[in-house]
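2 protein chains.
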Amino acid sequence: MAQPNHDPITATADAGDVLGAYLRAQATAFLRGLRLHEESGADAAEGNDAARSLRGAARRISGSLATFRVVTESSWADGLRTELVWLSSTLADEHAYAARLTRLMDALHRLSGSPELPAPRGSAGSAGAAGALTVGSARAGALLERQLTLARTRAHSATLQALGSSRFHAVADAVAVLASEVPLDSVAARGRVTDVLVPLATVAETRLSAAVSALPPVDAAHPYNADHDGPWHEVRRLLRVHRYAREALGEDVSRPAAAGEALDRHRDAAEAATASAAAARTPRIAPATAYALGVLHADQRHEVEAARLDFHHIWLPEPAVTPR
Amino acid sequence: MAQPNHDPITATADAGDVLGAYLRAQATAFLRGLRLHEESGADAAEGNDAARSLRGAARRISGSLATFRVVTESSWADGLRTELVWLSSTLADEHAYAARLTRLMDALHRLSGSPELPAPRGSAGSAGAAGALTVGSARAGALLERQLTLARTRAHSATLQALGSSRFHAVADAVAVLASEVPLDSVAARGRVTDVLVPLATVAETRLSAAVSALPPVDAAHPYNADHDGPWHEVRRLLRVHRYAREALGEDVSRPAAAGEALDRHRDAAEAATASAAAARTPRIAPATAYALGVLHADQRHEVEAARLDFHHIWLPEPAVTPR
Numbered sequence: 001m002a003q004p005n006h007d008p009i010t011a012t013a014d015a016g017d018v019l020g021a022y023l024r025a026q027a028t029a030f031l032r033g034l035r036l037h038e039e040s041g042a043d044a045a046e047g048n049d050a051a052r053s054l055r056g057a058a059r060r061i062s063g064s065l066a067t068f069r070v071v072t073e074s075s076w077a078d079g080l081r082t083e084l085v086w087l088s089s090t091l092a093d094e095h096a097y098a099a100r101l102t103r104l105m106d107a108l109h110r111l112s113g114s115p116e117l118p119a120p121r122g123s124a125g126s127a128g129a130a131g132a133l134t135v136g137s138a139r140a141g142a143l144l145e146r147q148l149t150l151a152r153t154r155a156h157s158a159t160l161q162a163l164g165s166s167r168f169h170a171v172a173d174a175v176a177v178l179a180s181e182v183p184l185d186s187v188a189a190r191g192r193v194t195d196v197l198v199p200l201a202t203v204a205e206t207r208l209s210a211a212v213s214a215l216p217p218v219d220a221a222h223p224y225n226a227d228h229d230g231p232w233h234e235v236r237r238l239l240r241v242h243r244y245a246r247e248a249l250g251e252d253v254s255r256p257a258a259a260g261e262a263l264d265r266h267r268d269a270a271e272a273a274t275a276s277a278a279a280a281r282t283p284r285i286a287p288a289t290a291y292a293l294g295v296l297h298a299d300q301r302h303e304v305e306a307a308r309l310d311f312h313h314i315w316l317p318e319p320a321v322t323p324r
Numbered sequence: 001m002a003q004p005n006h007d008p009i010t011a012t013a014d015a016g017d018v019l020g021a022y023l024r025a026q027a028t029a030f031l032r033g034l035r036l037h038e039e040s041g042a043d044a045a046e047g048n049d050a051a052r053s054l055r056g057a058a059r060r061i062s063g064s065l066a067t068f069r070v071v072t073e074s075s076w077a078d079g080l081r082t083e084l085v086w087l088s089s090t091l092a093d094e095h096a097y098a099a100r101l102t103r104l105m106d107a108l109h110r111l112s113g114s115p116e117l118p119a120p121r122g123s124a125g126s127a128g129a130a131g132a133l134t135v136g137s138a139r140a141g142a143l144l145e146r147q148l149t150l151a152r153t154r155a156h157s158a159t160l161q162a163l164g165s166s167r168f169h170a171v172a173d174a175v176a177v178l179a180s181e182v183p184l185d186s187v188a189a190r191g192r193v194t195d196v197l198v199p200l201a202t203v204a205e206t207r208l209s210a211a212v213s214a215l216p217p218v219d220a221a222h223p224y225n226a227d228h229d230g231p232w233h234e235v236r237r238l239l240r241v242h243r244y245a246r247e248a249l250g251e252d253v254s255r256p257a258a259a260g261e262a263l264d265r266h267r268d269a270a271e272a273a274t275a276s277a278a279a280a281r282t283p284r285i286a287p288a289t290a291y292a293l294g295v296l297h298a299d300q301r302h303e304v305e306a307a308r309l310d311f312h313h314i315w316l317p318e319p320a321v322t323p324r
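Top to bottom, those sequences are chains R and H.
Be aware that the first sequence starts at 1, since it is given in full-length UniProt numbering, and climbs by one per residue.
Be aware that the second sequence starts at 1, since it is given in full-length UniProt numbering, and climbs by one per residue.
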């Protein structure tokens, strides 16, 4: 994981020095993650950790290049940023499918405590032992496992292909250069932190605030409606950009990090609900399987709603709605 | 609807006078409801109103006879109470099936705003017009309508049969006697309200408080588990007994009435969830139908959970859990 920089930064320091130090540190973290990933071989846990730190560093570099674009050589920054966004989204897929399967299986186990999930007809359906998967839940779990494992395997292949591509090697080379020398705009980089970086970070924050204000109201009456997910995903993206900008300035980012975790849960639950709905459209599944997938879908949409309330409680001075 | 008595009652009044006045008023309300029910004929709305006021009066009489048993001729009170409990539960069934169907159809319409409820394969399934029932929801609605209409028709027949029975006529005769003269215990009835009725009402309240304290914690992690519904239904029953006792004493009962409404919603949602789960066990239903019933089940279990939180907010000084 890339370490946030908590050292106090002097407001009168040169903007280029501060941004350069942050970008060099993240570039070093990127290269270390890459080396660990190559060395991890068959160790899945080590490989996951390495991929996570690689993604984190890539996001921090691309986020900082977006926020502080004018302090760098802009055309170089735009090119590298595009490539880093491609890389981190490619790397994210495999992890996302694995995490989605874990989330859905955990939810199914939790839900299967219910005596009302369908059991075989004629059996003591309303008295199943708590924790034992009912037939419908077990079949739904097997179906989701099959579908998401297939998707993860495909994503794994795509990751391997990406990491072997000349496109990736060009990104790695560019980051290796960045680790020793950051291409800066000679004029802007000589300005003071407080005159150059702080106003740019404020722009990122203003963009975030506007997106938060424009969020549709948290509507407990329509938890199953995924139409409103998009603006929330956009807030999640802008919150990350804001957080990395504050991190580059050496500020405490525990609040945006906590709010970001709520929005990560929001995204994960929304995609898990979609996966459950997609699985229910599989032809020729048993009604009990479809029923369990319906319960699972509704459960994950309620998790979406809970994550929205969590975000409001963390991020806004007043809760947006009074929970009933 | 039986009118609660809000006239101030003197603490030094005779217990028998106060209880007698309340019981006579409720007996009169019962007889009026019965007459309206007989006159309503084919007018369903009038018949429903009459049945509701009949049930309310029956519950108030049987509740008061339970709480203030020792102030009345106890063996008479026990007999009448048993018969009134039978009558009001018989009358309640038809209304309950109708209300359950309305609740489930409303929920299906609300849920069908979701673009992720299954639509016919190959159609623009993820872009259905909001409010239009998807195929699965429509089929689930038709199935529930068939099952609950059948149950309601059976309950209607049972009501007609009960109202024509000699058992019912005996109850009606007993209530007619009660409307003019309440059989009281000659000693207890001469005591003062504050010495006799108030302590008995306090016993009912203590019984309620104990049941509330013994409620399982509101566990947002297991909303689908109906194992804990029983103690909540018992609290609902005890809350009614408490409310009618306070009403007999001429006290303001708006808080127990509001808390009782939350527990009514709790009971209705729990039974609607059970009805949805039962419908999903119908043989040979389509997977899309089962899926919609699963979503509906989870939705109603979340309504159960929301009703529990509502009750806590109304009834307890501190919320039992912090909503997330």
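Keep in mind that a hint or two might mislead.
Some but not every residue of chain R turned toward chain H, in silico, with C-beta under 8 Å [as the list claims (entries may be wrong)]:
hint : residue
1    : Glu-234
2    : Leu-238
3    : Ala-288
So the derived label-pair ranges between C-beta atoms look like this [stated by the list, open to error]:
hint : chain 1 : residue 1 : chain 2 : residue 2 : range
4    : R       : Ala-138   : H       : Ile-314   : 52 to 60 Å
5    : R       : Leu-316   : H       : Pro-317   : 33 to 41 Å
6    : H       : Arg-167   : R       : Thr-102   : 57 to 65 Å
7    : H       : Thr-102   : R       : Asp-264   : 54 to 62 Å
8    : R       : Leu-316   : H       : Ile-314   : 54 to 62 Å
9    : H       : Arg-255   : R       : Leu-316   : 58 to 66 Å
Keep in mind the hints are simulated off the structure, nothing from the lab.
Every residue, glycine too, gets a C-beta built ideally from N, C-alpha and C.
Hint by hint, here is what the structure shows:
no. : hint                              : verdict
1   : Glu-234                           : violated, 19 Å
2   : Leu-238                           : violated, 23 Å
3   : Ala-288                           : holds, 7 Å
4   : R:Ala-138 x H:Ile-314: 52 to 60 Å : violated, 40 Å
5   : R:Leu-316 x H:Pro-317: 33 to 41 Å : violated, 27 Å
6   : H:Arg-167 x R:Thr-102: 57 to 65 Å : holds, 59 Å
7   : H:Thr-102 x R:Asp-264: 54 to 62 Å : violated, 39 Å
8   : R:Leu-316 x H:Ile-314: 54 to 62 Å : violated, 26 Å
9   : H:Arg-255 x R:Leu-316: 58 to 66 Å : violated, 32 Å
Violation of the numbered hints given earlier is confined to hints 1, 2, 4, 5, 7, 8, 9; the remaining hints are satisfied by the structure.
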